[in-house]
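Chains as they are written, first to last, in our numbering: chain A, 1 to 328; chain B, 1 to 800; chain C, 1 to 164.
Among the hints, a few may not be true.
[Said to hold, decoys possible] Once the Cα atoms are required to be at most 25 Å apart in a straight line, the calculated DSS-like pairs of lysine-lysine come out as:
hint, chain 1, residue 1, chain 2, residue 2
1, B, 75, B, 27
2, A, 135, B, 240
3, B, 390, A, 311
4, B, 698, A, 135
5, B, 651, A, 311
6, B, 308, B, 279
7, B, 75, A, 311
8, A, 135, B, 779
9, A, 298, B, 440
10, B, 142, A, 311
11, A, 311, B, 779
12, B, 440, B, 390
13, C, 2, A, 51
14, B, 75, A, 298
Hints listed in this document are in silico derivations from the structure and should not be mistaken for laboratory results. The model shown is predicted, which means the values in this text are computed figures rather than measured ones.
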Amino acid sequence: MMRLPPFRYFAPKTAREAAKMLADHAADEAMAVAGGTDLYPNMKRRQFTPKVLIGLHRLEESRGIEEDDDGVTIRGMTTLTQVENDEILQAHYPAIAKAARLVSAPILRNMGTIGGNLCIDTRCNYYNQNYEWRKSINFCMKKDGEICWVAPSSPRCWAVSSSDTAPVLMVLDAECTLVGPRRVRRVPVKSLYHLDGIDFLKKERDEILTEIHVPKSNGMRATYLKLRRRDSIDFPILGVAAAIETAKDGTVEKARIVLTAVESAPVQAEKAEALLVGKKLTEEWIDEAAAVAYRPAKPLDNTDLTHAYRKKMARVFVARALRELSRG
Amino acid sequence: MPPTKTDVAPEQSSPAQEAEPLSIIGKPLMKVDAMAKVAGETLFADDLAFPRMVFCKMKRSPHPHARILNVDTSKAEVLPGVLAVLVGSELPIPFGILPVSQDEHALCLDKVRFVGDPVAAVAAVDEETAEAALEHIDVEYKVLPSIMSIEEALADTDEPIHASERIDGNVHKAVTLQFGDVEEGFAEADVVREESFFFEGNTHLPMEQHAAIAVYGADGKMTVWSSTQTPHYVHRAMAKVLEMPPSRVRIIACPNGGGFGGKSDPFNHEMVVAKLSMKTRRPVKITLTREEVFYCHRGRHPVKMWVKTGIKKDGSITAMHFRSFLDGGAYGSYGVASLYYTGALQTVTYKIPRYKFEGLRVFTNKPPCGPKRGHGTVQPRFAIECHLDKLAEEIQKSPLDIRLEKVVEPFSTTANQLKIRTVGLKECLERVAERSDFRKKHRNLPRGRGIAITASSYLTGAGLPIYWNKLPHSGVQLQLDRGGGVTAFCGSTDIGQGSDSVLAYIVAEELGVEVEDVHVVTADTSLTPVDLGSYSSRVTLMTGNAAIQAARRLKPLLLDPAAEKLQVPVERLAMAHGKIFDRQYPEVSMDFAEAVVLAEAKHGTLGSTGSYTPPRSRGRYKGAGVGPSATYSYSACVLELEVDEDTGWVKIEHIWIAHDVGKPINPLLAIGQIEGSVYMGLGEALMEEQVFRKGVHKIPSMLDYKSPTFVDMPPVTSILIETLDPQGPYGAKECGQGPLLPVIPAVPIAIYDAVGVRIDETPVSPDKILKALEGRLAKPTVPEYDFPPPAEVPPMREDS
Amino acid sequence: MKHLLNLSVNGEPVEVAVPLHHTLLEVLREDLRLTGTKHGCELGECGTCTVLVDGEPVLSCLALPIELEGTEITTVEGLTKDGRAHPLQIAFAETGAAQCGYCTPGILLAAKALLGRNPRPTRLEIQEALAGNLCRCTGYIQILQAVERAAAADPADYTKPISV
């Protein structure tokens, strides 16, 4: 039986209190847990052995989805099942509901939260292994070791950003609220990430992600396509989120394309976005944009299927996502 | 998704059948353990607990290949909560499933041979303490170069994985068998084709992780409960390793939470908990983690294959030459048998008048391979069906006709001296072709959509036991209680396939009682007569025949006093529905229970035994022990799929599968076995692979080892074909393994029909398909190797 | 260090002293001896350990009991009501849906939750609801048939004694 390492457990009532508890401990000593579906497996494999666990499940007003004048607010502890089934999201932001539905499997989504999904640890099949296994390859730089096995000459870790919801929230220009021990700040979801497999979140370690704010859709249409071997359970080995806002005549006024699971952070395909503005989503422009958009994808051999294949699929999936949006 | 249809061929009349219609056999009854399983009452090995029980964890090697210089357990021994620490020198006797491969130790003595090979074990008050104690065992290793492929194994080395006089470098076994002059056959052929294939290794992944509990009693007796498919073989190995008389060792196989061949070997962890129970004088339990189950393995060998076949324009085969190269992993396991199986059943499906087989198994620094569903025959069946599809195309013949025309003749003998009995393959082929509209669809579907037809055969039980003996392969003992209950004792092990139910159905049928009045006591080496185990699809036929014999020996004891009491001639009495009655005047009857009382009064305590030994095989050459079976099952499959040419993604649209089951003892369970086989075959064809990187298992988890989910399973139409085999109980043959075989090659063959590219290896993953579409997929190759000269083939024995 | 927890399992209040880092799976099997709940990976990857918390399926290998005080936990042992089997249990037994039976408890509970919110699911809906529960024996088809069969039965139909 895989078991958790021992820890002390606290369940604060407010995010501020939780943040203070985190601040009171050294890094690695205390960690916050939302649904536990990402952290507990990692703890069982001894990627993390926090002495103190701060459970967020008793935080007041931490769940639910609400519509207001500016758009919609999704509270951090809302489960992925709730996100998937929420009527507001299904009506106005179906891509968010779809991305949530594509996370893992239904039972896990009953436990996993949207806040947790945004902060999900980066993944790598040299890293997501038991302690003994990792010891047998002399560990990797993300935990207990020196080297990045998938890119041995690299100074940084190449573990893969694996959130399905982050790319969709990014193309919708969503922001999130981070509650720290002393301050509360609101940052765009896209600036939450850092291109480093270890230090992948720009969020401070004592900040709690309490809310996600998605601006009014204003005719912005979005979608999310996910590549994985099985139609359930699996993490993305490529994800493409795209959003388009068009004028009445179909001319693109705003375009957003974000790739996930092909780098240590979600990657915004800015050149392709710029290329699309002022164009119509014809087959030619879709192909052109896809040819530009897939370039920043840097998949490596540390997840399922070959990296060359995943890179190629990035182009195919961008084109498919844009084609879907072109159909309105 | 359309509903899955099941249809059963109309029952054929058989002169052998008795006058009474069968009241239980052939009916879709509930399994005898079904309600316990749905209630969560079934106790699997890890569910057992005993007073004072302690827990074991094993310290495993982090190196694929290393010499053990020193194991220091002193720090672990003094930890609070630790009761005992065990090292290899305390159990120095080697073991292994085959008498020729006694190459495993409970804990490694001098060397470790793969990452996960155990070197020490701890018993402690709880699992967490045991696990923590492992960190305090210091093992000093001298790391050796690791050998991770067949090619590396064939290279010269100063440090072979097993140093033994009987082993040449890392070549575990090399064999050559020749039956007839294949060169002459190739000369006669109109078309000769040769090519190579590769079948990737994969594993069983039973949902239940292996567990074992040992209780060494104050009476000096050892009892071990284990999730094993072969309690009898564990019994022998355990007594040997513990150096105890087998008479004082008892092995009880718990219901297995899935086996598929993965729980067929005696395992080191079983020996370890037994010894720890002797050391601590307390019950000791071990439950493996999922990762450790990947290290137990014994799964499908990765096999490189080369095949050369000559055919005439009419499609008949003139000769076949087949070579296989097996990557065996670190130990022998069933490997010698696996090796022979890669060459044994080629001749059992299609007529092959001249046949040559060369096979090689090497040791590598990976978990040992062994028997997985379809043992050793799955890889060559993949190669041959793909090969035959290309040959059919070359001579412009329909892949259906080329198969139909060369199906082996019933009651014939193959080139390699295997005795064929009933053959339902033509009907299987015709039925799947008809149901799927194969003739119309083949080569006529729109681009991107494809269809394939494939065929196969499999054993109904290995003709010979694992170790040489002349004893029965299965025994059943019956006991009656005065209330009319019947208890059937048998060594057979229920791994989910329903062997306990089959035993109960047959006893109930024969004695005319309700299934609910039969109690089964199985898989306990002290309580039950030997059955060799749940492997090689042997149980229904062998246990079934033994049960029939036991029941038919008991019948006269019951009928005789009943006839006296009812004053009816004994020949006129029948037994059914819990009654003994006069066939002419059914109202003249008595309850079964009353007959039991009368019989016990007349004869004393009642009981009977029955046993079964398969017919003697005909071959007398070295290697002839692998392949013979009482009878063979046959399967045919049509698979339709769609390929996305932009992504290489495959969607299986539908599978039609027909299986010659002889006679289904219970059609519901037979269909379940077929659907499960289709599932496992699809997993192997599309995504499952046991692969290594940097000397370690690349993906030892349920997440990364890809087992298809509910949403990945296509609709299946299963068709049962009845041939009423004279060897099988009521005509039954196996159905648990054979239906897996034709599914795997059907995937690449249908892909070819869809998009015109050939994938000659497994798994047929989207990246490979895309590469093939781009013309960049490399063809599989086989290594160079000088095989030994063919063994002499003496004339066959007469039919027994 | 152990903590005293008050849980409600299968309608019965239970008081159990356990270390806080022990998951619900461990507490159910090892402390409460409710061994009907099985385990296949303990990492949330196979669905075998599924139980219901307030009627919704959760993975007991990733659930902390301390977070479940005040909830109602249902295991396979709690499916049987007053000694009578749940229609799903009967359908699974009659349809051959339990081969080795090891994944069965988790799937039964996931299916019960599905039928609770969607009494007449389509085959695709059943497949999707159970898509996190792996089974290696059946190929899933007889399980799908069993859920359909149970859905067709009277939902409140505890008709059959557990011992048939």
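Tested hints:
At roughly 61 Å between alpha-carbon atoms, residue 75 of chain B and residue 27 of chain B are farther apart than 25 Å, so this suggested pair is violated. A hinted pair counts as satisfied when its Cα atoms are at most 25 Å apart, and residue 135 of chain A with residue 240 of chain B does not qualify at roughly 34 Å. At roughly 33 Å between alpha-carbon atoms, residue 390 of chain B and residue 311 of chain A are farther apart than 25 Å, so this suggested pair is violated. For a cut-off of 25 Å, the pair hint linking residue 698 of chain B to residue 135 of chain A stands: about 14 Å separates their Cα positions.
Annotation: proposed proximity of residue 651 of chain B to residue 311 of chain A holds, straight-line Cα distance about 22 Å (limit 25 Å). Taking the CA atoms of residue 308 of chain B and residue 279 of chain B, the gap is near 57 Å; set against the 25 Å cutoff, the hint is violated. This hinted pair does not check out: residue 75 of chain B and residue 311 of chain A have alpha carbons roughly 50 Å apart, beyond 25 Å. Our distance criterion of 25 Å between C-alpha atoms is broken by residue 135 of chain A and residue 779 of chain B, whose separation comes to about 36 Å.
Taking the CA atoms of residue 298 of chain A and residue 440 of chain B, the gap is near 46 Å; set against the 25 Å cutoff, the hint is violated. For the hint linking residue 142 of chain B to residue 311 of chain A, the alpha-carbon distance of about 41 Å lies beyond 25 Å, and the restraint is violated. Taken as a hint, the residue 311 of chain A and residue 779 of chain B pair is honoured in the structure, with Cα atoms around 23 Å apart against an allowance of 25 Å. Our distance criterion of 25 Å between C-alpha atoms is met by residue 440 of chain B and residue 390 of chain B, whose separation comes to about 19 Å.
Proposed proximity of residue 2 of chain C and residue 51 of chain A is supported: the alpha carbons are some 16 Å apart, at most 25 Å. Our distance criterion of 25 Å between C-alpha atoms is broken by residue 75 of chain B and residue 298 of chain A, whose separation comes to about 47 Å.
This entry does not satisfy hints 1, 2, 3, 6, 7, 8, 9, 10 and 14, going by the numbered hints stated previously.
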